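A.B. asks: Below are the chains, spelled out letter by letter.
Number of protein chains: 2
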Amino acid sequence: MKLLVHALISAIASALVVLAAPATAAEPLKPVTVARGLVNPWALAFLPDGRMLVTEKPGRLRIVDAQGRVGPALAGMLPVAHVGQCGLLDVALDPKFADNRVVYWTFAEPGERGTNGTAVARGRLEGAAGQERLADVRVIFRQSPKIDSRLHCGSRIAFDRSGHLWVGLGDRSSHKDAAQDLGNHIGKVVRITGDGGVPDGNPFSTRHTAQPQIWSLGHRNIQGMAVHPETGELWASEHGPQGGDEINVVERGRNYGWPLVTYGRNYGSGTVIGEEGPKPGFEMPLKHWVPVSVAPSGLAFVTSDRYPGWKGSLLVGTLRAQTLVRLTLDGRRVTGEQRLLTELGQRIRDVRQGPDGWIYIVTDGAEGQIIRLER
Amino acid sequence: MKLLVHALISAIASALVVLAAPATAAEPLKPVTVARGLVNPWALAFLPDGRMLVTEKPGRLRIVDAQGRVGPALAGMLPVAHVGQCGLLDVALDPKFADNRVVYWTFAEPGERGTNGTAVARGRLEGAAGQERLADVRVIFRQSPKIDSRLHCGSRIAFDRSGHLWVGLGDRSSHKDAAQDLGNHIGKVVRITGDGGVPDGNPFSTRHTAQPQIWSLGHRNIQGMAVHPETGELWASEHGPQGGDEINVVERGRNYGWPLVTYGRNYGSGTVIGEEGPKPGFEMPLKHWVPVSVAPSGLAFVTSDRYPGWKGSLLVGTLRAQTLVRLTLDGRRVTGEQRLLTELGQRIRDVRQGPDGWIYIVTDGAEGQIIRLER
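Here the protein sequences line up with chains A and B, keeping their order. Under this note's numbering, the first residue of the first sequence carries the number 45, and numbering increases by one thereafter. Under this note's numbering, the first residue of the second sequence carries the number 45, and numbering increases by one thereafter.
These are computed hints drawn from the structure, not numbers from a lab. These figures come from a predicted structure and were not determined experimentally. Check the hints yourself; a few may be wrong.
[As the list claims (entries may be wrong)] Facing chain A, a subset of chain B residues (Cβ under 7 Å, in silico):
#, residue
1, 154
2, 182
3, 183
4, 239
5, 241
6, 242
7, 244
8, 249
9, 250
10, 256
11, 373
12, 374
[To be verified] Going by beta-carbon spacing under 7 Å, a handful of chain B positions derived as facing chain A:
#, residue
13, 237
14, 240
15, 252
16, 384
Ideal placement from N, C-alpha and C gives every residue a C-beta, glycine not left out.
Based on the sequences and whatever the hints tell you, model everything.
C.D. replies: What follows is the structure in structure tokens.
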């Protein structure tokens with residue numbers, strides 16, 4: 045009975061969202077494939093010269109030129125544990141890339157006895173255009189502990205306005221309770237310097253039982269991050285279990301509830317995991333999806349003028365729902381949800397706005413693509 | 045029989061050292077007590093204005109002024125685990141202290157279930173002279189794992205010429221085998237940025253089974269460190285077990301042998317712990333003491349003109365031997381050993397050369413002192 049009520053309330057809520065959403069009748073987008081044949085591409089970063097860095101989950105970082113030519117795997121990459129949801133994941137340029145040519149990436153690093161853990165590495169892009177390799181590579185951060193798991197490796201990285209790096213980490217599925225424990229990096233967002241150090245202002249850096257890199261806790265599996273172009277806040281997407289996918293503004297020292305407070309339910313049985321909240325001491329998401337998960341991935345704020353009426357929207361790639369979701373916002377309030385690219389029929393792993401103002405998406409799969417959304 | 049031979053060889057070696065040592069008949073030093081009543085003072089750092097920062101092992105950082113007045117414990121200090129050999133340990137100024145007023149210290153940080161671990165914290169010295177407190181305090185590095193031990197907490201810190209921090213760590217006594225395992229920080233020297241990050245050039249920063257902060261391994265308990273004034277190399281003193289105290293030049297990626305290669309023997313039984321070496325892949329000390337331990341602590345190179353004939357010597361405070369050892373050097377070769385302050389009858393915990401060119405020592409005990417060595 046309770047389940048029925050839950051489903052009913054969710055259905056009404058969904059209907060209200062649909063009512064509030066902008067018209068979607070005439071989809072205004074023209075997807076143009078820029079590059080194809082990528083193996084499980086995961087993330088995209090634009091180089092200043094218009095080329096793109098793209099990660100492939102099996103462990104390759106490539107450069108795609110403006111004509112869509114896919115370059116060779118860059119030498120110098122560290123070995124990755126490519127199992128299940130884990131592998132080579134996000135990539136981002138140093139804010140001072142033009143001066144130092146430093147690139148950051150996250151990956152599942154192999155551990156001992158079959159374990160792996162999400163790590164952040166950095167390296168310098170060296171060599172002439174078309175012949176680049178990674179030099180001075182080093183690991184600057186490791187999620188602790190490493191776990192024997194193929195699931196919930198996260199991860200995304202984003203630089204804050206002071207040049208420090210936020211890293212979104214997963215709960216490894218088997219360790220959800222650890223997401224509430226400050227003594228580890230499981231189910232956390234951490235904030236580190238470009239060398240992996242502990243910057244000034246981290247909330248738990250003097251607490252002797254806490255990992256000093258922690259910025260926020262109670263996350264399940266963050267797979268999207270974007271810095272709000274006006275406020276500088278960190279926005280993140282997070283996978284819930286069955287239902288309970290979330291969009292959050294991830295603030296310093298806050299607890300995002302997993303697994304104590306969640307809209308999600310156990311797969312299959314549909315049984316309750318935690319409370320739905322609100323509950324004092326826990327943050328509520330700005331947006332959540334129930335009862336059907338969309339599996340949100342990359343995030344991008346639209347700042348370009350190329351899409352009339354879209355400026356200030358938050359784009360959310362989705363894997364399960366195989367659409368690009370556009371959320372309209374009033375500050376932190378989600379005022380509408382539009383589902384785009386519903387005919388594409390592909391899992392969308394990343395979404396970024398290019399320096400040319402166009403939106404680019406990365407599709408998942410053995411024949412993944414980079415697609416520019418023209419109109 | 046083997047023990048007898050060992051003792052005989054050691055005795056001959058000691059005799060040779062004594063023969064090679066400079067004359068010690070007329071001890072030229074006049075110890076002048078600068079400050080007294082300090083509780084187990086551990087380390088000294090000179091402020092640019094001539095005052096001194098001094099740590100007390102129970103967990104207090106104080107400022108001693110040029111007149112020897114001992115100031116109150118600075119507010120803002122983090123809690124320390126004060127057990128056995130562990131507590132508040134070393135202190136050092138940021139190389140840019142004149143600009144940023146940042147101070148670093150090492151301490152035994154309490155953990156869960158009775159554990160503790162050596163950690164490095166930093167804070168800014170804020171407030172008018174005589175009214176300072178520590179602000180923006182944060183932990184930037186933690187020895188992993190924390191262990192339930194009262195022993196071998198190390199530790200010393202020293203800045204290399206690029207502004208990165210070397211931290212000498214102990215094996216916690218119960219975990220000596222871990223000193224050969226790159227997966228932890230036990231019995232290691234680490235090298236970190238001023239925020240605790242991983243600087244360029246660390247030897248194991250791409251090895252997935254290694255802690256990326258590690259600089260060198262196979263150390264038992266480092267309690268003295270100094271940077272060579274000409275070469276910029278890290279020199280360190282290390283406590284052996286019964287016999288086997290060492291002075292080493294601690295180089296990038298090298299293995300200093302503990303517990304596989306050591307001159308030391310088990311207390312009481314005198315039984316062998318490891319090989320004596322040399323052995324390929326392991327570094328031999330520049331100097332070791334057998335069969336009687338001196339328990340070396342703080343180190344200082346003499347660069348001052350105040351002590352004729354001493355320039356270029358390495359001073360070694362000793363706890364057990366209750367003397368100040370002066371080692372004369374020819375490059376990395378120890379050419380002589382002089383034992384100073386033999387009448388003092390106090391354990392010497394630290395030795396530093398002040399900005400005034402005088403040597404200062406810190407004596408251990410419930411009524412510890414800071415003593416200036418005039419002549």
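A.B. asks: If a hint holds in the structure, say so; if it does not, say that too.
C.D. replies: Results of checking the hints against the structure:
For residue 154 of chain B, the interface hint holds, the least distance from its beta-carbon to any beta-carbon of chain A being 5 Å, beneath 7 Å. The interface hint given for residue 182 of chain B holds, since its Cβ lies 4 Å from the closest Cβ of chain A, which is under the 7 Å cut-off. Interface hint at residue 183 of chain B: satisfied, since its Cβ lies 5 Å from the closest Cβ of chain A, which is below the 7 Å cut-off. Annotation: interface hint on residue 239 of chain B holds; nearest CB of chain A at approximately 3 Å, less than 7 Å.
Given the 7 Å rule on beta carbons, the hint for residue 241 of chain B holds: about 3 Å separates it from the nearest Cβ of chain A. Interface restraint check: residue 242 of chain B against chain A, minimum CB-CB distance 5 Å, threshold 7 Å, status holds. Evaluation of the residue 244 of chain B hint against chain A yields a held restraint, the C-beta minimum of about 6 Å falling below 7 Å. The closest approach between the C-beta of residue 249 of chain B and any C-beta of chain A is roughly 4 Å, which is under the 7 Å cut-off, so the hint is satisfied.
Because the closest C-beta pair between residue 250 of chain B and chain A is about 6 Å apart, less than 7 Å, the hint holds. A least Cβ separation of about 5 Å between residue 256 of chain B and chain A falls short of the 7 Å threshold, and the interface hint therefore holds. The beta carbon of residue 373 of chain B comes no nearer than 34 Å to any beta carbon in chain A, farther than 7 Å, and the hint placing it at the interface is violated. For residue 374 of chain B, the interface hint is violated, the least distance from its beta-carbon to any beta-carbon of chain A being 36 Å, above 7 Å.
The beta carbon of residue 237 of chain B is positioned within 7 Å of a beta carbon in chain A (closest approach about 5 Å), and the interface hint is therefore held. Of the supplied interface hints, the one on residue 240 of chain B holds, with its beta-carbon coming within about 4 Å of a beta-carbon of chain A, less than 7 Å. Given the 7 Å rule on beta carbons, the hint for residue 252 of chain B holds: about 5 Å separates it from the nearest Cβ of chain A. The restraint placing residue 384 of chain B at the interface with chain A is violated, with a minimum CB-CB distance near 40 Å, outside the 7 Å limit.
Taken one by one, the earlier hints fail for this structure at numbers 11, 12 and 16, listed in ascending order.
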